[in-house]
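**Student:** With these hints in hand, go ahead and build the complete structure from the sequences.
So for the sequence shown, the working numbering puts the first residue at 349; every next one is plus one.
Since the hints were derived computationally from the structure, they do not count as laboratory data. Mixed in with the good hints there might be a few duds.
[To be verified] Once the Cα atoms are required to be at most 27 Å apart in a straight line, the calculated BS3-like pairs of lysine-lysine come out as:
(1) K511 - K581
(2) K550 - K581
(3) K585 - K537
(4) K393 - K585
(5) K511 - K429
(6) K487 - K393
(7) K511 - K471
(8) K480 - K511
(9) K429 - K487
Every value quoted in this text rests on a predicted model; they were computed, and no experiment measured them.
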Amino acid sequence: MSSSGDYEVVFPNPDGGLYRIYAGRFDVLNELGTDRPVDLGMVKKLAATPFRQKDKKTQILAVLTELNEIVIAECKLDTGKTVKFSVDDDSDEPVEGVIWCASESAALLYANRVVLVGPNNVKAVFDFNDPKFESKEFKGFYAYNEVDGLRILTNDTAYFLEKVPSSTEKVFDVVSTDPSAQIMSAYQKYIAGDPGAEDVLKGVKEDAKSNLSDGIHELVKAATYEFEPDHQKYLLKAASFAKNFISPGEFNAEEFVLTLKDLRIVNQLHVPKVRKNVIVVRKDDDVWPV
Numbered sequence: 349m350s351s352s353g354d355y356e357v358v359f360p361n362p363d364g365g366l367y368r369i370y371a372g373r374f375d376v377l378n379e380l381g382t383d384r385p386v387d388l389g390m391v392k393k394l395a396a397t398p399f400r401q402k403d404k405k406t407q408i409l410a411v412l413t414e415l416n417e418i419v420i421a422e423c424k425l426d427t428g429k430t431v432k433f434s435v436d437d438d439s440d441e442p443v444e445g446v447i448w449c450a451s452e453s454a455a456l457l458y459a460n461r462v463v464l465v466g467p468n469n470v471k472a473v474f475d476f477n478d479p480k481f482e483s484k485e486f487k488g489f490y491a492y493n494e495v496d497g498l499r500i501l502t503n504d505t506a507y508f509l510e511k512v513p514s515s516t517e518k519v520f521d522v523v524s525t526d527p528s529a530q531i532m533s534a535y536q537k538y539i540a541g542d543p544g545a546e547d548v549l550k551g552v553k554e555d556a557k558s559n560l561s562d563g564i565h566e567l568v569k570a571a572t573y574e575f576e577p578d579h580q581k582y583l584l585k586a587a588s589f590a591k592n593f594i595s596p597g598e599f600n601a602e603e604f605v606l607t608l609k610d611l612r613i614v615n616q617l618h619v620p621k622v623r624k625n626v627i628v629v630r631k632d633d634d635v636w637p638v
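**Tutor:** This is the structure we're talking about:
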């Protein structure tokens, strides 16, 4: 989908670059972008980010060249921004495919590995020969992208890769100074019987740059991304604890009640008879079921 809302069909040109069918025209793209055009050379694999009606103007293309370089290009292809970086791989194993993990990272697919790649040789490797994956008898895998992650199916296990939600990062990052992280610290002191818990929350209220109600919102939001009920309860109890230190009008209690109802529903889908791995659908974030 191009930035104008029209569909573009792109596929590798055997002589180099890409063929493109766009707005009734057929042309060849040997380079992408205008500000800093990137030469494509021979294209081995390509993949587009998942399409969503809400953010159709931000679809992105990942192109793997024969030089083991990844080209990331915005649509519209001939005028959008582009970036190119090398993929350093000590293995001679051929890349069998390119796919996106949501719209966050391109992934290279090998026979037994999935490698998420980024600039400056940043990568995360998932090797199914590694004992930690606990596959009884690995016979290959199938991967497909979704709007919020990458699903990987082996012969006996299903995996789902996604970017850590921002609310979860705010709460649990060891260097986070977000009000939600401070609330969590105060709650941990509280359940440990430490009288300093109230002082932490009072400090948040007195800090002009912090907002206790925003921290409560992030805790409630983080709970909606958790699969385990115990983790959900832990976050919601911390949020409930902090509510005692604000006036009723400072936080929308309906958000808390609706989240509890939503979590009850999705948790019922996690029981063995159903086995549906879903998270709460948040309309404001346009997050689809997993």
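**Student:** Look at each hint and say if it fits the structure.
**Tutor:** Results for each hint:
Taking the CA atoms of K511 and K581, the gap is about 22 Å. The hint holds against a cut of 27 Å. Between the alpha carbons of K550 and K581 the distance comes to roughly 24 Å, so the proposed pair stays at or under 27 Å and holds. For the proposed pair K585 and K537, the alpha carbon gap of about 13 Å is at most 27 Å, so the pair holds. Under the criterion of a C-alpha separation no larger than 27 Å, the hint pairing K393 with K585 is inconsistent with the structure, at around 48 Å.
With a C-alpha separation of about 23 Å, the suggested pairing of K511 with K429 holds against the 27 Å cut-off. Our distance criterion of 27 Å between C-alpha atoms is met by K487 and K393, whose separation comes to about 23 Å. Using a Cα cut-off of 27 Å, the hinted pair K511 and K471 holds, with the two alpha carbons roughly 13 Å apart. Distance check on the hinted pair: K480 and K511 sit about 20 Å apart at the alpha-carbon level, within 27 Å; holds.
The suggested pairing of K429 with K487 is violated, with an alpha-carbon distance near 39 Å, which exceeds 27 Å.
Of the numbered hints listed earlier, those contradicted by the structure are 4 and 9.
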